[in-house]
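There are 2 protein chains.
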Amino acid sequence: MRGFSPRISALRESPTRKIDELRERLRKENRDVILLSTGQPSVPPPREVRETLAELLKIDSMELYGYTPSQGILEARQAISEDLKRVGGLDVPPEQIVLTAGGQAAMFSTLATLIEPGDEVVIMDPTYFGYRPLLEYFGAVIKRVVTRLEDGFQPDPETLKSVVSRKTKAVILVSPDNPTGRTLSTEAAKAVVDLAKEYDFWIITDEAYKTLIYEGEHVYFYKLAPERTISINTFSKDPAIPGWRLGYVYGPPEVIPKIKLMNEEMVYCPPSFAQRLAAIYLRSEARMRYIKEVVEVYRQKRDVAISALRRYIPEARFVTPSGSMFIFVDLARYVQDGESFARELLERYNVAVVPGSYFSDVYKAAVRISFVTETPQRIEEGIRRIGEAVGAR
Amino acid sequence: MRGFSPRISALRESPTRKIDELRERLRKENRDVILLSTGQPSVPPPREVRETLAELLKIDSMELYGYTPSQGILEARQAISEDLKRVGGLDVPPEQIVLTAGGQAAMFSTLATLIEPGDEVVIMDPTYFGYRPLLEYFGAVIKRVVTRLEDGFQPDPETLKSVVSRKTKAVILVSPDNPTGRTLSTEAAKAVVDLAKEYDFWIITDEAYKTLIYEGEHVYFYKLAPERTISINTFSKDPAIPGWRLGYVYGPPEVIPKIKLMNEEMVYCPPSFAQRLAAIYLRSEARMRYIKEVVEVYRQKRDVAISALRRYIPEARFVTPSGSMFIFVDLARYVQDGESFARELLERYNVAVVPGSYFSDVYKAAVRISFVTETPQRIEEGIRRIGEAVGAR
Numbered sequence: 011m012r013g014f015s016p017r018i019s020a021l022r023e024s025p026t027r028k029i030d031e032l033r034e035r036l037r038k039e040n041r042d043v044i045l046l047s048t049g050q051p052s053v054p055p056p057r058e059v060r061e062t063l064a065e066l067l068k069i070d071s072m073e074l075y076g077y078t079p080s081q082g083i084l085e086a087r088q089a090i091s092e093d094l095k096r097v098g099g100l101d102v103p104p105e106q107i108v109l110t111a112g113g114q115a116a117m118f119s120t121l122a123t124l125i126e127p128g129d130e131v132v133i134m135d136p137t138y139f140g141y142r143p144l145l146e147y148f149g150a151v152i153k154r155v156v157t158r159l160e161d162g163f164q165p166d167p168e169t170l171k172s173v174v175s176r177k178t179k180a181v182i183l184v185s186p187d188n189p190t191g192r193t194l195s196t197e198a199a200k201a202v203v204d205l206a207k208e209y210d211f212w213i214i215t216d217e218a219y220k221t222l223i224y225e226g227e228h229v230y231f232y233k234l235a236p237e238r239t240i241s242i243n244t245f246s247k248d249p250a251i252p253g254w255r256l257g258y259v260y261g262p263p264e265v266i267p268k269i270k271l272m273n274e275e276m277v278y279c280p281p282s283f284a285q286r287l288a289a290i291y292l293r294s295e296a297r298m299r300y301i302k303e304v305v306e307v308y309r310q311k312r313d314v315a316i317s318a319l320r321r322y323i324p325e326a327r328f329v330t331p332s333g334s335m336f337i338f339v340d341l342a343r344y345v346q347d348g349e350s351f352a353r354e355l356l357e358r359y360n361v362a363v364v365p366g367s368y369f370s371d372v373y374k375a376a377v378r379i380s381f382v383t384e385t386p387q388r389i390e391e392g393i394r395r396i397g398e399a400v401g402a403r
Numbered sequence: 011m012r013g014f015s016p017r018i019s020a021l022r023e024s025p026t027r028k029i030d031e032l033r034e035r036l037r038k039e040n041r042d043v044i045l046l047s048t049g050q051p052s053v054p055p056p057r058e059v060r061e062t063l064a065e066l067l068k069i070d071s072m073e074l075y076g077y078t079p080s081q082g083i084l085e086a087r088q089a090i091s092e093d094l095k096r097v098g099g100l101d102v103p104p105e106q107i108v109l110t111a112g113g114q115a116a117m118f119s120t121l122a123t124l125i126e127p128g129d130e131v132v133i134m135d136p137t138y139f140g141y142r143p144l145l146e147y148f149g150a151v152i153k154r155v156v157t158r159l160e161d162g163f164q165p166d167p168e169t170l171k172s173v174v175s176r177k178t179k180a181v182i183l184v185s186p187d188n189p190t191g192r193t194l195s196t197e198a199a200k201a202v203v204d205l206a207k208e209y210d211f212w213i214i215t216d217e218a219y220k221t222l223i224y225e226g227e228h229v230y231f232y233k234l235a236p237e238r239t240i241s242i243n244t245f246s247k248d249p250a251i252p253g254w255r256l257g258y259v260y261g262p263p264e265v266i267p268k269i270k271l272m273n274e275e276m277v278y279c280p281p282s283f284a285q286r287l288a289a290i291y292l293r294s295e296a297r298m299r300y301i302k303e304v305v306e307v308y309r310q311k312r313d314v315a316i317s318a319l320r321r322y323i324p325e326a327r328f329v330t331p332s333g334s335m336f337i338f339v340d341l342a343r344y345v346q347d348g349e350s351f352a353r354e355l356l357e358r359y360n361v362a363v364v365p366g367s368y369f370s371d372v373y374k375a376a377v378r379i380s381f382v383t384e385t386p387q388r389i390e391e392g393i394r395r396i397g398e399a400v401g402a403r
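Chains Z and E, in that order, are what the protein sequence lines are.
Using our numbering, the final residue of the first sequence is 403, and nothing's skipped along the way.
Using our numbering, the final residue of the second sequence is 403, and nothing's skipped along the way.
Identical copies look the same in the list; a pair holds intra-copy or inter-copy alike.
DSSO-like mimics (lysine-lysine), calculated; alpha carbons at most 30 Å apart, straight line:
| id | residue 1 | residue 2 |
| --- | --- | --- |
| 1 | Lys38 | Lys68 |
| 2 | Lys171 | Lys374 |
| 3 | Lys207 | Lys233 |
| 4 | Lys38 | Lys95 |
| 5 | Lys153 | Lys374 |
| 6 | Lys28 | Lys153 |
| 7 | Lys153 | Lys207 |
It is worth saying that the hints were derived from the structure and are not from the lab.
Please model the entire structure based on the sequences and the hints provided.
Below you can see the structure in the form of structure tokens.
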């Protein structure tokens, strides 16, 4: 009786993975592709942190290689606790933090812990494409709240209210947002919290980009409703170690031990070398300087991208991102289907973007543009080619 | 409607984690505990490999930090393919290998891919304690085959036959075994393969310790039944990077892409720095020399442990392990309940072992002794104390 679990049929190749594969094929054809598709940072972690790690590798001991507690080493959790205080003014003790094998494992383990088949979960539309397949895998009933470009992609409190009920298990909010770059307003956050209290559901706040803010401030749900806020975090963006796989979840004391257990079953313990890096980085003098520099680098690239969009694709509609790594560009004035357009753009113009349909059921003529991975020159050139491809001028 | 998924109630704290916590408490009390409980290696990876990695850390580029393909970097999969040929004579192309975030993620993703609720899965008794909670989490019906100490813990073909049926989805076999140190005989392996073909089930072969062999040879199921063999592997033991979390699965071409997808959902990609280490290590000149040296170090420790057992606990029953890191010692002549004995041993004699009940429903008076983590002197002293604790002399 060989065969497979029917549950895995919910799993699909990640959209960016599909693009990566296409890109890989083009690379083999020696074609130089401009990568506006990936959220891969362009500034490696601070040199002094890397040099400290290099020294540790030379020591003849198992210290650096052994298993760690499944919740993560205390030193790293303390460093995170201090950092949440420093950057956000939050009081989160190390016991309420569990390290995970990246943000993806944080998402997987959190949803595995909370969701039983039939639970209703509210997500925004557009939202990060990572949530839908996981929610389907765990059997959740997905409820969508479409956010409007005209509202700066802020969720409308009335729409939210019409979607939640006693059957709502959780609302998932990404801020700063992937793909829109929107940072949630305090007003919208408070509306979510009021509903969460009224209907007693979890707030899952994805804070992957919380330190990549260009204007305004990041809203921490934990300050508004600590008893029901579960926060998803990653070291993939700050300090730029996506491949090393380290993230964390913080939340109420009764939730964290369960998420820890789930991670123990999934990966036994979070990767230890990345934990060392995180502990060293967050406690280093470089920490605040590094992220400030990175934000300046990305802000300049963002501004280049915005100017290029206005110049080369004048009727493109978008909201200038106040955070994250992305601009969500609605090309409805030019194209009908973002997916076939993105494919053509890659094949014929050597520019990779992610189609809006990967994030949304409604923004089908949009594409997500990343402004962090490439150089300013190549970002401008990439957007010029998009303009050419849509026949904007 | 806050609350949790009922599925996670199948999850329990890993037994070794419970022991780790107790140990941590004793450490805080400044008590020096002899660790015969953990499979943590004592020889770090080859120095030259670590030095190469240290140099890579000094390069100012995102090369070392970026996401990798979710199946793992080609270089690492090629190195594994070559290594399987070298150490086992196997022909496994890189496409049939998927890297995972450690052996645990290899187990989790494999079972997630295969098992649907109600599937029957056959495991040995005793067997590695990691499998039971996962099988329960995925809703499998567990069928046990008790292996007898008198048979050197080889599964009896007749018993196997009485347990399998058309409802059998998979048989899981760990060899070299954790906890018994038994390496599966060719005869027993062939009996499993015959049944697997007759009833068409998967063979899950856990080869975590395949290069830690003291006598005889490791049997590769892949040579006997490549079409139905799914192999679980880890770099935690060879080359001793348990905390870094890297493992792999190899198997039939139709299975690997599904396991890859599951890993993508769990962790997005395997830890990249560990992948580099694996690629460098397996292709280094140090590779064969290192594992030979490690096997010699562990063999000597094993022999110290065996002598000490005979000397201090003459009526202890065990099979001299021909592989792995463990001796499974039946103390039935001395104690009734291995679990309360192990607790007392730790509290009163400062020696940590893992009780047999964590591996077995029948060997309740046994304990698992690891002979790799401590020095020979401390291994002898630990076993002397066990003898004292059971009142052997």
